[in-house]
Every structure is written in C-alpha cells, then in structure tokens.
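*Asks:* The residues making up each chain are set out below.
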Amino acid sequence: MGKHKRQSAPVRTAAPASANAPQKERKPFRIPVMGLLFVLVWAWGALWYGDVMRVAREWSFWAPDITLMQYESGRPWGALWHIGLALLQLWRWPVLGSAVLALLLTAATWLTAYCLRLRGWWQALAFVPVAVYLAVVAHQGVDIYFEAEPGRIMGIPFLYTLVVILLALIIFTFTRHHRLHPETLPQNRGIALVAVVTMAVSMAISQWLRPYVRVVTEMQCELMEQDWKAVQKTARAHPTLSYRMIAAYYAMATVQRGEQGSRLFDLLMDYDEPYIHGFDRDETTGQTYYLMECDYYAGLVQTAQHHAMENLTMCGPTLRSLKMLTKCALLRGEWTVAEKYLRILGKVPFEGAWVKRYTAMLRQPDAVNNDAEMKMVRMTEPVHDTFESQYIQPVFMGYNASLMEGRSVNALLNSLAVQLYTKTTQGFLARCEAYQGQMPPQTIAEALLMFSSKHPQLTEAFPGITMHQTRLGSYFQEVKPMMSDRQRYARELFPRYKGFYPYYYFFGNLKATKKQKDNGGTSNHGVN
Amino acid sequence: MRLHKLTILAFASLLTVVLLSACGGQRAQVPETSVEVDSLAPLYPDYTDVTVPANIAPLNCMLEHTDATDMVMVLKGEQGDELITGGEGLKVRIDTTAWRALLQANRGKEITVTVYAETAKGWKRYQPHHISVAQEEIDAFLTYRLIEPGYELYRQLGIYQRNLTNWDVETVYENNRVFEDGDNHCINCHNFQNHSTENMLFHVRANHGGTIIVQGGKAEKVQIKGDSILTAGVYPSWHPKAPLVAFSTNKTGQSFHLRHPEALEVLDERSDLLLYDVEQHKIQMVLTDTTLLETFPCWSPDGRWLYYCVTREPDDKSFPDSLHAMMMLKHYQELRYDVYRLPFDVQTRRFGPSELVIDCASRQRSATFPRISPDGRYLLYAEGDYGQFHIWHKSSDLYVKDLQTGSLYALTEANSDDVDSYHSWSSNGRWIVFSSRRMDGAYTRTHIAYFDPQGRARKAFCLPQEDPEYNIMLLKSYNVPELTKDAVRTTPQTLKETIYNEE
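If you're matching them up, the sequences are chains S and U in order. Counting in the numbering used here, the first sequence runs from 30 upward without gaps. Counting in the numbering used here, the second sequence runs from 66 upward without gaps.
Rather than coming from a laboratory, the hints here were simulated on the basis of the structure. Possibly wrong hints are sitting among the right ones.
[What the hints assert, rightly or not] 27 Å max Cα-Cα, derived DSSO-like pairs, lysine-lysine:
1. K258(S) - K352(S)
2. K290(U) - K561(U)
3. K262(S) - K352(S)
4. K483(S) - K262(S)
5. K156(U) - K385(S)
6. K186(U) - K385(S)
7. K352(S) - K459(U)
8. K483(S) - K509(S)
9. K376(S) - K156(U)
10. K524(U) - K156(U)
11. K347(U) - K290(U)
12. K186(U) - K156(U)
My request is simple: use the sequences and hints to build the entire structure.
*Replies:* Quick look at the structure:
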C-alpha cells in the first residue's frame, strides 16, 4: 500500500510535504485460523487423545499384503478401510499420527470453505465436519475400535478430504474462483474462536461423558511398554473412577509387581457401566476388552491363546491378538507358529523393534523364561491340566478361582487374591494354610484378622495378624451404623479405608453382589 | 493437435516402461562358480523328493532360515528342456507353461532340481533333490473350507474351489462378510457324489440353517430333523449310485484344555446314523443304540457297504444324566473308536448286521473317517490315541487297511509328527489329499500324496501356491479337502438365494 502512487491530489495547505506523506498503516494481526486449527488438532491428538488412538492402532491391523488383508477386502468399503488402517498405523507415535490427522482435517476445512464459497461468518460452517468428527470420536469412546471397524477412524477423514480436494480441483479448473473470500477482523477472531470451541467441546465430551477412556487407554499404553509401576500409578491417580477395565489392568500390573497380596484393593470397586457395544452394536459388559490379557497375566497361557484366536476369528487380525498369540506360542514352545506370527507382524509398519525382541526368543526356552514379563507369567501357570469348562472363571484377574495348586508363591497369591475379591471365605481360608507360622501380606493379614471373629483359631495360626487389630477395631466402630445402608456410605468411606480389605468386604462390589442376589444367588460371588 | 500427439507419445512411453519392467528383469542364470554344500536346500514348502501329478501347478517355493539373498533353481528332466528360474530374491516362481511342458515330457520319470543360493561369500550349491512325476494325473479341482482354527466362534468363512492345474480359485460360497445378527451363519461338511459336482451338499448352521443339496445344478435347502434325530444331519456320505446320503447325527461339545499340548477336545455326547433320501426327502434311522456312539459314515464304491466308526459310551454311573457331558469329559481319553460296516441292499434299502473291520480299541488307538479307495481295495482312515476329532490330535496319522489281504499299516512316508487327518481319494485312487498341521502345528494345510498300486504312499507335498509365502501369511486353516473331476457349476449367488430363502 505504501508503494502506491497517489494520483494528482492538489496540495491545499501549507503544511510541510513530509508531514503530509501517508502514514504507514499498521496491519492488524490476523489469526491464521487454519494454522490454529492444525495446531489444535495436532495438540488434541498428540497430548490429549493420543493414547486412545494408539490403542485403536493396536486393535487394528494393516500390512502391505493381500493375503493378510483378506478380512478387510471382503467387506463393504474395504478399500477405504485399507487406507484408513494404513493411516492409523502412524499413531504408533501420536505426534506423527495427529500431525497427519491435523493435516487432513485442516485441509478438509479450508477446502470446504473454498468449495462452498463461504464468506464472512459463514466460514464458520466449514468447521462443522471437524467438529462432528471430534465429537463423535470422543462420544464413542472405546467403541471406535472395540468390536468395530477401526479403519473408519482415519478412513472417514481421508475420504472427506479426498472428496473436497476433487471438488476444489474441479472448481479451480472450471471457474475463476481461485481464493477464499477474506474475512473481516472480527470475523477472523470469531472463526478462530469457533476452532477453539470445537476442540474444547470434544475434550469436554470425553472428559465428562467418557472419563474412563483416556485413563484406561493410558494404562494400556503403559502395559504395552511393560511399565507396571506406571499402570498402577495411573490407576491410583483415579481411585474413584470405578470401571472393570481399569480394575482389570490395575490387577495385571499388581500381579506383575507381586503386590496382589497388599495393594489390590487400592481402587474403588463398585463398577459403573462403561459405554461399550459389541459387534451387534448392542450394549455389552465389555469383558472381551481385557479377558485375553487377564488370562495371560494370571498365567492361563492356553486360555489366553484360546481367547486371542477367537479375537482373531471375530475381528480379523489385530496387532493385539497377533502379539498375544506370539507370546503364548513362545511360552508353549510352539516355535514355528510363533515364527509365523512374527513374520506377519514384521510386515506391519513400525513393529520392527517388537518383532526383533521376540524373534530373539525363537527356539530359546531360556530366553523366554528369563524375560521379565514371561517369567512372572510362567510362575503362575497351572500345575495340572483341566478343562476351562470345569471351573468358574472370574473375569477379574482371569484366574480360575477353583485351582488349588500352584507352582509358586505368586500363584498362591493370585489364588488368594481372587478368593478375597470374590469374597469366598472358605476358599480363602483353605489356601491360607500355606502361610501358617509366617506373616502374610497385608491384605491377607487384614482378611484373616477379620475372619478371626468367627474363626478364633486364626489368630493362633497367624499370630502376626493382630498388629492390624487397632485399625480393624476403629473401622468396625465407625462403620457399624452405616451397615444398614452400605451403598450410601461406600464412596464416603473409601478415601479413609482405601486398600483396607474389611472395607472392600463390606462396601466393595455392592452393585454386583446385589445383582447376584436379585438373580437368586445366595453368595457374594457375583462380583465379576 | 500437437498436444494430442504429445499426450499419445507420453502415454506410449509410459506403457512401454511399465511393460518392460513387468516382463523384463534379468533372466535367471546359473552361477558360473558355486561351492557345493552337503545339505539339501531348506525349501519352504518342503518339495524335496516328492512325487507329483503331471497336471499339478508349479511347485513355487522359497529358501528359509538362510543367510542367502538370492536363489536360482535349475530343474532338469530326463526329457525336455532345462528350466532355470529365480533371480527374484529368495522366492522362486516357476513359469507355468515351461513347468507344464517339463512335467508332461517326464511322466513316470524324475526331475532333478539343483538350488543355488547367493550369500555374502558367493554362490553355494545345495545337494540336488528330485521330483518324481507320476503317470497318473490328479482330479483337477480341490474343494475346501477356509476358517480360522478358532474352535468355537466363526465370522468370515467360505467354501472355495482351487484348480490344481493352475492358480485359479473360485468361491463356492462365502457367508456374510459383515457381522449381522440375523444373518450370521456357519457352513461346513461339503460332500460330493462320485467325485462329481453334479450332486453335492453342505450344511448351514445358525441363521438360515439347513442342508443345501444340489442335484443336477438345482439347489434346495432341507431340514434333516426329527424327534429321533439328535441334532441334524452332520457328517455326510453320498451313496455312489442312488440318491441317498448317509449322515451321522451328533450331539457334540467341545472343551478347552488349561495346560496341555492339545488345544481342545471335541466330544460326541451322543451320535447315531441315518439315511436320507434326497429325492423323496425321507429319513430312515440306521443305528440308534444309546449305549454306542456311531459316526463318520462312508459308502463303499459299489454302494453295498456302509462303513462307520463306533465306540461304546463309558459306563460311569457316578454321574447323573444331567451331568452326562461332564461324565464324557472325564473319560475323554478312554473313548476309542473302531471301524465297522453294515451290508446294504439298495433295492430294499435294508441294512444287515454290522461287522468289525478294524479293531483299534484293543490296541489302545482310535479310528476316524474311514474312506474306501475307488477300486474298493483300501480303507484309508486316521488313527490317533483316543477320541474321534483327530484334527486336534497330534497323535493322528493316516493308516490303511488292505481289505483284500487284511494287512493294516501306517502311511509312514506321507505322515508327519503333527496332525494328519481329514483325507479323501482322487477318482483314480492314485492320490490322497489330506489336512495336516505339519507346517506350523496350528494351521491345517492341504497335502497331497501319491498312493502307488502296491498300497504305499509317497512323501506328501503341500498344495502349491503362486506366492510361496502364502501359507505363512494365511491366518486360516484349510478344512475338509475333497477332490472332484469338474468344477462346481452352481453359482455362489444361487446358493445364497437358496440359503436365505426361509420358505
């Protein structure tokens, strides 16, 4: 503007020419709305929802191989889901995956405004597809990948972007419409605000409607890294977020750290129902979300293998099921089939390190037995063969409550923990004999002391347990008036008695116990 | 106009480049120098020293567990040109036309195969192996089901037909590819009359359930059910001459091991035999003894005998009737099946008294799936330590009883350390196809073995695939391999309409 010549304006005053020269106007700062949108979406994916997307990737599969992709090929929209699954692989690193998603959504938004020739405030309409996408993803929670088509997650934004690119090309080629109509400053500010609000709404939906989703996926990511301490820490940071899936992953980590006898009841266990749907899109309990892992970490390798194969059958190959099948095959010495799975996983982008780690274990039983995770699993494998159908299988910890023999203290602890969890007093006491004359872990000691009111001989058999007498006494004194309405006081008491077994026994898992009793059951076993 | 010409020129150039890169590449050459090594080439699949029919598709293969980066394979028969192939890394894809010519020229003779592998130290040459080409061809079509070895559940599965002379695979029928509560169904037990697709059947379970029977190209869905029938028709066998099918009807359950080399046990709680007239739609019960478990019917080629497997139910009164399944499970390792047969008069449709053909139980073994050779002389069956569902028993091997001499023996050359089970004959009786888990212990693959006139089998070879890595990448099992002389003519659409028709 400053370079434009002024056209023959007569000088009417005597003011100096220099004073009359046009002032260099300060260009008002315009927010680069598309840049802002890119950054916001990127930050949403990288910092807020990254773990969810990474788990979605783990529950999907893509490889550049026709045979491996047969499951997808036969489905309607198979080609699109192929592309979506390929893009989803980038979420191995949320920073990368979210950059691509941000690119797609930003391009789609810009091109939507371009194609629709939106002017002024109407340009805010271009944000509708992004807003809908982010809101739906947040609203669906784990349903975006659980017994669903994960190719949609990136496939739909890809398709939409592709469509608007093609439309824009047509418009660009056949019309003189070459650029977006510039918005005014207030409009610029307003549209930028729309971008921010879009993101905030999505975050609010996930935070308030699906509060467990980010927590559980964070735990799953930590589990993938075998960072058991972090899994526990994440769960303990949300002790009152009471969902089975959180409790299950927490239990796995606790078992891996050998703390199932002392820290298992640190979470509130009176579960709320998650928003989760099965293949038929009807609501489900979501047991299959974590059953395979529960079995594996509880030492039921063959059962985990069974469930992984069923997952493979029902969902097609996923990284999750193939990795589980690989680990189970290694633990069972089925080297050739383990090699097959590793070869398949080797074709998946970004899985090189995982494949390398486990390939080193092929035909090396010592390497398998010395692996930190597998060593723990091995210790809790059943001693004798039986059939799954002959046992009650509490989903929590995946452990067969009826197993009476174990090959290690860990197996005994697992078994005891399940008895405590299911409030099976007789089963618990029968297994405690192994601790006679010793000081059992804290939770077990608390339980023994509590049961000693009906079984006085316990204090003689386990003399150390009386050290918890004072706390038990004050506990009963406090909760006695609350016993008639335990449901009401459960949450109130939790902060004070977190991890204390007598609290769990009387105030934990009340909903499940009530459900069991409503269905005609007479015991407290309905807590799974 | 000029632009138009330029466009054509550019397009032609691009096409030339594409065609050159597709067809060209370096023709494989035998290395000028190579170091001989003592071992046979570690080929996958293992095609060393096998006997093949002259009409089989090329035995494409690859080198496994090697530090090599490239390979060349030289195939030389007593007759015909030498065939040199390779130069595409560790996979060998043999030219189909040249392969066919080589095999035709060497019927009844041997082909010598020399494999060269290029390593960092140069080329090495493995000990040569041989491929014997049999005089007799194999039936051109193999029908099988593809399903994950997933035990209980099913999702996407189908019955397919492979042309063994090339790579063509046709879908006979696939179930719904997308989960639909009202449409999900399983398909199983495809069976043909006399190695012809003219008359065939298979079952549909769950939604749209029934038995699909195709006669002369016309498909219909029937319900083989009745008060005296335990469930529905299960394992079928077409009578070779009459419009009759013998079925077993089985009340089957499965249980999963917690810590065992086998994955699961599939047990019949009860089973009987019945005869179904596909024209009259009439059911005739054949064997219904409640103390016996009769299953796996199979007609002799002349239609005068019905072979089957049978065991006695465990006599354990400590379980009430309501826990019958649990009682069976407790005794699962004691269930041992023998092979019996019943004489049959096709005119009166009457069966005579049963007679023992193979006594396995006294040897602490168990027989399943009797199959009589087309000449009526050999009874091929699977024998394992116990039970009847040998596809999940590592002890399962193929056995033969010579019905002329009475001798009984294992087909050692064709068997493996892992499961060798479901088997069927070619129409000329010179080939057997069967399921085996020998390749990885988990996924069954179809294997083919030559069965010579003396009743001995040769080393089996895996069904060849265009991409030798296919069997590693495929996450499904080949199930129920059956040979036919012709292709299935009923279209998948016709079958679908028949299945979905609920009238």
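*Asks:* If a hint holds in the structure, say so; if it doesn't, say that too.
*Replies:* To see whether the hints hold, each was checked on the structure:
no., hint, result
1, K258(S) - K352(S), "holds, 22 Å"
2, K290(U) - K561(U), "holds, 22 Å"
3, K262(S) - K352(S), "holds, 25 Å"
4, K483(S) - K262(S), "violated, 36 Å"
5, K156(U) - K385(S), "holds, 22 Å"
6, K186(U) - K385(S), "holds, 25 Å"
7, K352(S) - K459(U), "holds, 24 Å"
8, K483(S) - K509(S), "holds, 17 Å"
9, K376(S) - K156(U), "holds, 17 Å"
10, K524(U) - K156(U), "holds, 22 Å"
11, K347(U) - K290(U), "holds, 10 Å"
12, K186(U) - K156(U), "holds, 20 Å"
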